[in-house]
Amino acid sequence: MPEKAKEAQAGMEARWYRTLGSKIWYFFNSLKLTLFVLISLAVVSIFGTVVEQNAPVEQYVTQYGEQWTKYILYTRLNDMYHAWWFLAFLAALALNIIVCTFERFPPKWKSLLDHKPEKKFDSGLIDKFSHRETVTLNASSDAVKDRLLKFFKKKKYGVVSMGTKGDYYFYAWKGRIGRLGSDVTHISLLLILAGAIVGSYAGYKDFFAVNVGGTVSVPQAEFKLRLDKFWIDYYDSGQIKQYNSVLTVVEDGKDVMEKQIWVNEPLFYKGIRFYQSSYGQSWNRIQEAQISMKLKGKEGLEAPVTVKWGELTSLPGSKYSVKLVGYTGDFAYDEDTNTVFSKSAEATNPAIKVEVYDGGKEVSTPWLFVKYPGIFPAIPNSDTDLVFTGYIPVMYSGISVNKDPGTNIVWLGTSVMGLGFILAFFVYHRRIWVHVRETGKSTEVKMGGTINKNNFVFEKELKDITESLTSD
Amino acid sequence: MILSLVFFTFSFVFYILTTALYLGYWVFKKKWLGQTATAMAFVALMSTSMILISRAGESGHAPFSNLWESMMLFVWATNAGYLLMEYKHKFRSIGIVVMALESLAMLSALMLPYRFKSVEPLNPALQNKWHWMTDLLSTWGLEKYAIGWLDFHVFTTFIGYAGFAISFGLSILYLIKEKSEEKSQRSSLVESFPPARTLDELSYRAIAWGFPFLAVGIVSGAVWANYAWGTYWSWDPKETWSLITWFIYAAYLHARVTRGWRGKRAAYISIAGFLAVIFLYWGVSFVLPGLHAYAS
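Protein chains in written order, with this note's numbering: chain A, 1 to 472; chain B, 1 to 296.
Calculated from the structure, these hints are not laboratory results. All residues carry an ideal CB built from backbone N, CA and C; glycine is no exception. All clues given are correct.
A few chain B residues facing chain A, derived, Cβ under 7 Å: (1) P121; (2) P124; (3) Q127; (4) V219; (5) W235; (6) F247; (7) H254.
Lysine-lysine pairs mimicking DSSO-like chemistry, simulated, CA-CA at most 30 Å apart: (8) A:K128 / B:K183; (9) A:K229 / B:K144; (10) A:K128 / B:K90; (11) A:K156 / A:K174.
All chains should be built: construct the whole structure from the sequences, respecting the hints.
This is the structure:
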């Protein structure tokens, strides 16, 4: 077949997607890309620390004006680290790492396994190294050989000896595994990234506030959680030392585990972690309320009566008894649904709901307000009114929930990273070539070699060899 | 409280003396001046250690919890790192830049308002001790000496900073030396510095220590955050800036592999990197809000 026809055929075979594929591959197999992406990431990340993230739009308008706010929203600078273009940079870095590892690791591995010279090398090779020494000794080549091998053995080098008496060649090596440091580190970064991705897709985050004594069911799990206790520890100076909650895991109606948690000490059960993250006064529950009677035609209030939550309490000196059944911290009423709710978690407008009994008969279920005593008569057609004067709150504990199946991968990645750094920065691959040649009475030793990093160490090593050869 | 500030005053004087001695050695090139300078640097190191130890005794926890304490750790780590380097490579003339940096750091610590220096109890978020260590030490009743993620995270990060500070000093020397080598000017002051190639290599070695330690510092912070709050990373300004710094030094290391990026360009990246460190350390604390804002 003529040359041109062959070329044409080859062109047909090299289909567009193959060339495109290899173009993309080579684009990502580039150290220049690495530098570009790293420096770009460093520069663009700064914007996100200057422009406040995830603030309300009005804030950007007051701070930067309308025109700039438009640009900020358009470029997603307000949520930069989740913007597509920022993630694209991260993805480019990840692809860059993957492609470079695939491209460089196998040949490196092969050359590391297959590194020994097969036959004796050309002595001219040594002259090409920037690290080299030549010494002439008044000793036989065999004596030099012994000393050399002793030195290499002491320093834990691997050695191959070649050549014959009077004309020896040596190749010595150490720390080959250090070459893999960069690959191990890169793989560890990918592992950590993978762990984070697994965690964000397969796991979930949640938050709930539990009243002391209350129980909540845990999402995506077969168990419930009960808050037994919540308290705050203080330093002598009055500063807060720690927030504590005692949690009990309830599974199939049985208490299976109890643990005191605090900030920095979560509860871990069946792959889910529970963190102490906030606290406060409950907005829908109190321990007890103080209720006083106001009698018609009489100035002032009667002595207050303590009414515990859910317990029928009789009011002394009257025919009534009350039961505390409801509480709301920031009272609000929705007319459409005819329901009462708390506008916020703060006790801004505390109100209680009581059931009032006359003998065994329920006569009314009024809401009573601390701030607005007597706004509505508590008991219709009666000379007695009820006034809500005070209460003891129930604390709630805010618990963050996190299920993160990626944690173990991240841990693995972290350990691999440690190993990678040790290999990459502190294990040096040294290779030394030595030619020992006996010329009459004296012996000439020519040596040289390479180290993949830390030239100081290597220069010293060559000096040490010279010293060990010259001194007896 | 008093004792650590007394040691601080002593150390401050020691660092100024050390700097003066290295300066004298650089100008007059007398061997005994150099030896005295090294000895004085060692005295300063011991004195800085005493600041940290006495502060730990006063506060009852490792002294890594406010800006002043962390400055002392930075000064300590930089000095220790420098002395190790001097011992290993025997280049005494570079001491002048490192010790000048140390004196500056001590001066800025001195000028901090009192509220950044005082002994503070740890707030709830910072109280962390490793269980295994507490358990192990409790066998001998020493559990109060157990350390945790806070100590590990801060300590590794600051070894990183120290490496970068040394590399920064060396990079500046490199640029000076390189310029005079290029013009082949003969100046006896620049002459006493090691050759530019050596400075470049030393600067790289300092980053080769700083970079993995900063990485371990960042990762341990993330692991701790996940343990304590359930989130690895929340892009708080300190986190972001630490990543920015890490990217810059990662660029430095990758640039060195490429031909033509050694020497001058590498020195510029190293200087940019240290400026990022300064902003990460001081700028973020004072300017940008967040969990790590000691100054709030």
